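J.: Listed below, chain by chain, are the residues.
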Amino acid sequence: MTSLAAAKSAPRAVRFNAAVVLMFAVLALVPLAAAFGPESYVLGLVTRVMVFAIAALAVDLLCGFGGLVTFGHAAFVGLGAYTVAIAGAHGVTDMTITLPLALAVSAAFAYVTGTICLRTSGVYFIMITLAFGQMAYFIAGSLAPYGGDDGITLPARSTLFGFAVFGSDRALYYATLGFLLASYLLCRAVVYSRFGRVFRGARENSTRMATIGFDVFRFQRVGYVIAGCLGGLAGFLLANATEFVSPAYMSWQRSGELIIMVLFGGLGTLHGAIVGAASYLLLEEGLAGLTENWKLVFGPMLVLIVLFARGGLVGLAASIKARFSRE
Amino acid sequence: MSLTLLLVQTLNGLQFGVLLFLIAAGLTLVFGVMDFINLAHGVQYMLGAYLAVMFYALTGSFVLALILALAAALAFGLLLEFTVFRHLYDRDHLEQVIATFGIIIFLNQGVKTVWGAAPLNLPIPDALAGVVQIMPGLTYPVWRLVIIASGLVVALILYVLVSRTRVGMLVRAGATHARIVSALGVDIRRLFMIVFGFGTMLAAFAGVMIAPILSVEPGMGDSVLILAFVVIVIGGIGSMRGAFIAALLIGLVDTLGRSFMIDILRLVMPPSPARTVGPALASMLIYVLMALVLYFRPAGLFPAKGRS
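Protein chains in written order, with this note's numbering: chain A, 1 to 327; chain B, 1001 to 1308.
Hint data in this document are derived by calculation from the structure and do not stem from the laboratory.
These numbers come from a predicted model, not from an experiment.
A virtual CB, placed ideally from N, CA and C, is assigned to each residue, including glycine.
There could be a bad hint or two in this list.
[As the list claims (entries may be wrong)] Here chain B is said to cover these stretches of chain A; the calculated rule only asks that three of the stretch's residues, wherever they fall, bring their Cβ under 8 Å from a Cβ of chain B:
| id | stretch |
| --- | --- |
| 1 | 122-135 |
| 2 | 259-267 |
[Said to hold, decoys possible] Computed Cβ-Cβ distance ranges for the label pairs, DEER-style:
| id | chain 1 | residue 1 | chain 2 | residue 2 | range |
| --- | --- | --- | --- | --- | --- |
| 3 | A | Phe-324 | B | Thr-1165 | 49 to 59 Å |
| 4 | B | Leu-1006 | A | Gly-122 | 50 to 60 Å |
| 5 | A | Gly-289 | B | Gly-1137 | 29 to 39 Å |
| 6 | B | Asp-1090 | A | Phe-324 | 49 to 59 Å |
| 7 | B | Thr-1010 | A | Val-165 | 54 to 64 Å |
[Said to hold, decoys possible] If we take Cβ atoms under 7 Å as the criterion, some of the chain A residues that face chain B in the derived model are:
| id | residue |
| --- | --- |
| 8 | Ile-116 |
| 9 | Arg-119 |
| 10 | Ile-139 |
| 11 | Ser-142 |
| 12 | Val-190 |
| 13 | Gly-256 |
| 14 | Leu-296 |
| 15 | Phe-298 |
| 16 | Val-303 |
| 17 | Ala-309 |
| 18 | Leu-316 |
| 19 | Ala-318 |
| 20 | Ala-322 |
When you get a sec, could you build the whole thing from the sequences and use the hints?
T.: Quick look at the structure:
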């Protein structure tokens, strides 16, 4: 009975499928192919894609499964990045300290702001998360000892027990891939779990969940903290990838981009967030290489995707597949 | 922290608040009546400023430029409504955000391509270019007073329109019970179009009026857009009265905060940290205000009745 219920409540798109395995296989093989081309450029670009994919996973967890549209998630990325930068400025570069610290700072920020934000819902939730995102943005800009508005350069990438494990771009690439895979599996586990069922149920009808006897607020706050930690992890990796941190990481446009990535790929599918982050950043990169006025193409493209490709790229792929299987 | 400075900054705050009201009024109408999040509202303000600069260069008259810019902005707004927005009204908020974000990206780049990335200027009309003496030792630019006055006049007109006319009655009804209004035989699409066109014109009007004292540049609508959202959320979505009060509140809090935050902090801490913390706290002030308002009144200060 319970296993039947679990199977039924599992969203179809989240099941393991060949496409997800293929996606990670391709990501694992990119460095081999990159060795034949402009290696550091390709590795840098795809590392960036995977970092934002982790942040997009967090946004998908909140928006797609919890119905909590967060418009300030870039703040968590920035918090993670700034933790690394500030610790680095004080000579602490070992990730046995900086990574847990980045996660703890993000979790604490998520717990405090989540307690306030989750009192509201709908558009008001969007705006209050934006408010906290902006506060974090302005605080970062005022950190005069750490670069202020101009940002700060990292003294070195993080080390592990004193070893420069992020020394080569390839090592950082595989570490990021590992973190992305772990984040993806974590999100899957969360969504499938009993906790995840309550969390998703609150999106469908929070009054009903409360009536059954769940403290919806506490479940949502735990979800918010998990998503905040994932954002902090992405920030930790972003700081290491770019070796530079600035308040621009926290601007509201960044938060908007994270939502766009998730919608691009397909809301509430998890792997859609990864596909979305990849297609958004690669499209941006590709168009920018073609013409200086790439935004004239990119803007209308977003409009067309909303108007004609509901469910994002993952939804588009599914509907094409359905059409072929019918014939 | 002299009295004259306080007075000048209060006037500046009022002027900023009035400007925010002009933008937020259209936004709250569109949001309240159509349940449509229009991020592209900020670029319509920018477009108003650019069009005024263009028409001023063509005609050499500020009044003509104002009229032509408003007409052109209205036409463009209706074109957007017809081609894109109309298809988004029954979509969910996220999709509206993405599509209108796409329009922001397009138009910001569009004005850069057409008019260049360098900031442009619109001269103040000669008759209103001077300063006026408010009290001994205190002069104030006439144009800023004109902005305040025109904003208050618009607010009054809006009040009369919304509370005294038939269209206003439909707008108020539409903000709370759009389906019932539609079921009673009102052409809700036409009502939407009127409201949307009107909101676009108000944003463009704000852009034209502010153009002489700000530089007209790509992206000038983005920061104002976020502030306008803060205003309508604090005021309560769909409430014109709430938008007016919240706009003045935000304008005053932001302007006075930026001028006096360092002095205020000096009362409680040594000067050097006050100088570091002050500007950051001043920038954050309105967001802190919004978080506080939403914490205690999750639907804003003046929630439109009947909205859940």
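J.: Hint by hint, note whether the structure agrees.
T.: Here is how each hint holds up against the structure:
no. : hint                                 : in the structure
1   : 122-135                              : holds (count 11)
2   : 259-267                              : holds (count 4)
3   : A/Phe-324 <-> B/Thr-1165: 49 to 59 Å : 56 Å, holds
4   : B/Leu-1006 <-> A/Gly-122: 50 to 60 Å : 39 Å, violated
5   : A/Gly-289 <-> B/Gly-1137: 29 to 39 Å : 59 Å, violated
6   : B/Asp-1090 <-> A/Phe-324: 49 to 59 Å : 30 Å, violated
7   : B/Thr-1010 <-> A/Val-165: 54 to 64 Å : 58 Å, holds
8   : Ile-116                              : 6 Å, holds
9   : Arg-119                              : 6 Å, holds
10  : Ile-139                              : 6 Å, holds
11  : Ser-142                              : 3 Å, holds
12  : Val-190                              : 21 Å, violated
13  : Gly-256                              : 6 Å, holds
14  : Leu-296                              : 5 Å, holds
15  : Phe-298                              : 6 Å, holds
16  : Val-303                              : 4 Å, holds
17  : Ala-309                              : 11 Å, violated
18  : Leu-316                              : 14 Å, violated
19  : Ala-318                              : 18 Å, violated
20  : Ala-322                              : 21 Å, violated
Checked against the numbered hints given earlier, this structure breaks hints 4, 5, 6, 12, 17, 18, 19 and 20; the rest are met.
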